[in-house]
Amino acid sequence: MSNNSSKDSSEINKIWYYFRRKKLAMAGLVIVAMIFIMAVFAPLLAPHDPHSITRHRFEAPGTADHVLGTDNMGRDILSRVIWGARVSLLVGILASVTGTIIGITLGAVSGYFGGWVDNLLMRITELFMTIPRFVLALVVISFFGTGINRLILVIGFLSWPGMARIVRSEYLTHKSHPYVESGRVIGMSDWRLIFIEILPNVMPQVVVVATLDIATAILLEAGLGFFGLGDPNLVSWGGMLSLAQGYLRRAWWMSVFPGLAISLAVLSFNLVGDGLNEATNPRLQSEGFNTAESKLSGGKT
Amino acid sequence: MSKKGEGRSLGQYALLRIAQALPLIIAIIIINFLLINLAPGDPVTALIGEFPVPQEYVEEMRANFGLDQNIAVRLVRYLGNVLRGDLGFSFNYRVPVLDLVLNRLGRTIILMISAITFASIVGISLGVAAAKWRNSFIDNFAVAFATIGYSIPVFWSGQILILIFAIWLGWLPSGGLQSIRGDYFGWALIVDRARHMILPMLALSLRYMALTTRLTRSSLLETLNSDFILAAKSRGVKSRGILWNHGLRNAAMPIITVVGFHFTFMVAGSALVETVFGWPGIGRLLYTSITARDFPVLLGILLVVSVAVILVTLITDLLYAFVDPRVTYD
Amino acid sequence: MKKFKFGTIFVLALVFVVAFGLSPVRAESPSEGGDLVVALGEDPEHLNPALTTGYPVAAATANVYSALTWRSEDGEAQPDLAKSWDVSDDYLEYTFYLQEDVRWHDGEAFTSADVKFSMEELLANYHGRFQDVAERIADIETPDDYTVVITLEEPYAPFLSSMTVFDAPILPRHLLEDVDDYGDADITTSPVGTGPFQFVEWERGDRIVLERYDDYHGQVAYMDRLYYNILPDTASRTAALETGEVDYIMGHYFPRADIPRFRENPDIEVWQGIRIPALWFAFVNHEHPELGDPLVRQALMHATDRDLIIELSQEGLGNYKIGPMGASFEFVDFPETNYENLYPYNPDRARELLDEAGVDSLDIEIIVDPAREDLMQAAEIMQDNFRQIDVNLSIDTQEREVMIENVYEKRNYDLSMQSFTSGGDPASGYHRLYTTQDFGTPFVSATGYSKEEVDELLSEAASTPDVEERKAVYEEALNIIAQDVPILALYEEESVDVNNAKLRGLRESLDVRDKLNKIWWSE
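Just so you know, the sequences run in chain order A, B and C. Those letters in the first sequence? Residues 24 to 324, per the numbering used here, in order. Those letters in the second sequence? Residues 1017 to 1346, per the numbering used here, in order. Those letters in the third sequence? Residues 478 to 1000, per the numbering used here, in order.
Worth flagging that the hints you see were computed from the coordinates, not collected in a lab.
Covered stretches of chain B (chain A as the covering partner; in silico rule of three or more C-beta atoms under 8 Å from a C-beta of chain A): (1) 1041 to 1047; (2) 1152 to 1166; (3) 1174 to 1186; (4) 1286 to 1298; (5) 1314 to 1326.
Computed from the model, here is a short list of chain B residues facing chain A with C-beta under 10 Å: (6) Ser1190; (7) Phe1279; (8) Val1283; (9) Leu1302; (10) Thr1329.
This structure is a prediction, so every number in the text was calculated from the model and none was measured. All residues carry an ideal CB built from backbone N, CA and C; glycine is no exception.
So that you can see chain A by itself, here it is in the shape it has in the complex (with noise of 0.2 Å):
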């Protein structure tokens, strides 16, 4: 209990080790990086200003000047897909971020204290659970106005209940161990064991369903801009992709791009959080990449 640092490395260590040899995993982690770098880059990277419109509409891709073309107001697709990688990571990581404190607070205070608390909260996680999220979030984000911090806000209230359960579950184990019994016993308070005993050896199970979570943030985030929700003053995959849906006939290059975009970006989250699970549930490993869909439903089954 007092070398919790040391035993977190060694445990960042195993995971480490693990998760380098999935060659999947890494190819994930290395698309991951780019985009990183795409989007903190992006006024660099950049060829054009991604707002800048010009009478050079519809220009199809393969020009020195417009490598992915322009869409249907003269503007670089090339420059608008790179900027728009900062919009996906910052809603995709900060609505994770925000379930994940939602959820994290929640499953623990359920798992921890049982009975009638963990009860209620439950029924509150399978209230939110019911209610489909992506039709929510429509109706709240068109009723009360978009913008990307509400974007990052609705998105993330909406995202934890899944978090919250695996968190839950983890705790119910977790508060039987030796180590926490005698924690009790010398007197630490309920809230020390919650938050800093206990959930430093949930944190892996939580990075592993944030990770997944980030994917799905990404794919709301992108839905709701496909359904003209985005911040308008922001570039963004899903929004370039609704712009797309009126000019299919004409140019091609305005959906295919910042689609393949998204896909790349949703499908290196969910390689990085498969290679995380396995690579914190060794016993996987015989089995090739297995049960994330369980995270991603919430533990439920």
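Chain A is already provided as a structure; the job is to place chains B and C on it using the hints.
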């Protein structure tokens, strides 16, 4: 759920689950109602057109739709109505909400069922093949397909399908429910509608196909390595028999899982797919109702969809119990 | 436009004459039969044109109902339910003589009582486009079954052109007089009119079917049936036209991006022009500390590349060389009030004006309804334009009803993209942009601009039926307005309709939606 229980009957279990679902439904109604009613914007302005009208007309409309009452009165009235099966009257379409929603729901369900069926057939076949010939080309293909298919947004795969099959090849219509001109009857109508449904169905099924492939493969691998299969093998049962008798019984589980636990994803997916293909189902209704701020219809859709999710979850649990003898009802 | 048409016809005629060696040209004669499929972009809310001015409702009912007059392509009022009329010399009394053997689609006889009932009970209370007329009506008398006398309190120049099926549809009294709530009446969902087509069925979200009414009082329709198909998706609408599934798409539902492709298609006819002028503009909130300054508004006009906006968001279909009330009505078009002469696109000049106004940089928001793609694109272009003069314009998308609340009711906005139709006369549709308006009324000026002089001049213009006199009044009014720039007027839209090239007899009416009885198929 998998605890050894004291043996309630399936019927009792079903009743219990329904009783548990009721408070959930009421909670959903209340949340939806508050959320939508507290939102900014006045639904009456949507109805008057593009020129100014007398203020009295606006007041009259407001009174007509009960919008002049306070929110608590409206909630109680709404709850009462819903329990009597009356979901209100659409501002926008001027028909009972229930009729409207049910009419559209049918088309969405047709789309979903064909997507699920198609996804299951392809997904299970691929999953079984992958498990049988482990590490072969087909296994690698299945793994790649499952991973990629799961990550592609439905609205993009929809657009790509339109590009390929409607625009470049010209084989299939790019959207809509049926051909506009011509009175189709009988077979011609069915064939015509089926042609219109192929692309949206493909787009919607991709994600589930990926999931089913993945789940079938992994659960089969798990089963094939399990003790009772090894025992069966040792008794000399042929491996093909094992695959079909034991394996597929277990493969039923992934489908149930996909349908049951991803039903809410499917609702979202079909809303997007319906928008891409102009399919006049509940997803499109949702979109037009959001734009028109048709509160009663939105409430109706959220309610009907949530009830559908609860029902599907319930049926899934019961099927689980039915298919897997290890599960008992508690 | 008209000149061009005339020229074309002349050249064609010459070609024919030469080709056929002076033999008489055989004109195609109308043939009966066939169906017409018209695409609508959204399902109508209902089918009662007296309760709303919404576009799809009017489109789907314009051939089921009739009105006292209709307007031909040149804008003149033509006899419809009224076979003729007298106007008193002071323009205060209009006597309409009605067609005598008109029957409603349910067989009941149509009489002057229907007209009086529709105007007094329905239109005056519920119909947005009838309000300007209703305010001026002193009395409606029906001396006999086939005469209606309408007395006005003051002359109203566009009176006769405000009697069409879009401004004043006539509904059957016998089906409505005993109804408490017009919104719930049967007729609201299954209309009974006097038009050339009668209602058959409405499959919600899918289509509306009409069939020929054989006892129609005018030219009995050539087509057997009209189908209004609801195709919310723009791509599938145009695809349906190309496959021949749809015959006619009206400009309102037309994605401009497809025009170039259609022009190359010999099976499709593209019509473009201005029929009922409509103005695209941005409201400016004059209560905003900087935007209240005319110099700043002039600067924003200079900074906006209106030509680019038309090119990108309307495929070049529009006219930006306009004054405060456009340029389509000859009597409101003056060189000295034309914004292209006063405030051409010139970012440097814009920056100078801002400096003159003491404005260094500006952070403003523009409210746009996200469902309006053309408005969104115009806003995006303005955003890009304004960056060059250090004005940071951020776009705030708000659904229509929220936008209405914030812009009109609360005036809680900086700029807001809008488009208003003229309704066929500046007095019907454009005056409301510049006259003093109270808070809270939707679809009128939301700027807070108020000048007594302008109010008086415009009111005078509305009640001056003589065109030359009216023009002089407008010139005075517009000179004031053009200096104040109360709104950022961007362009007048040029509308486009596309139809199957084998259709004949389209567009005899000023509004493309009515008088479809005149349409027929050529073989």
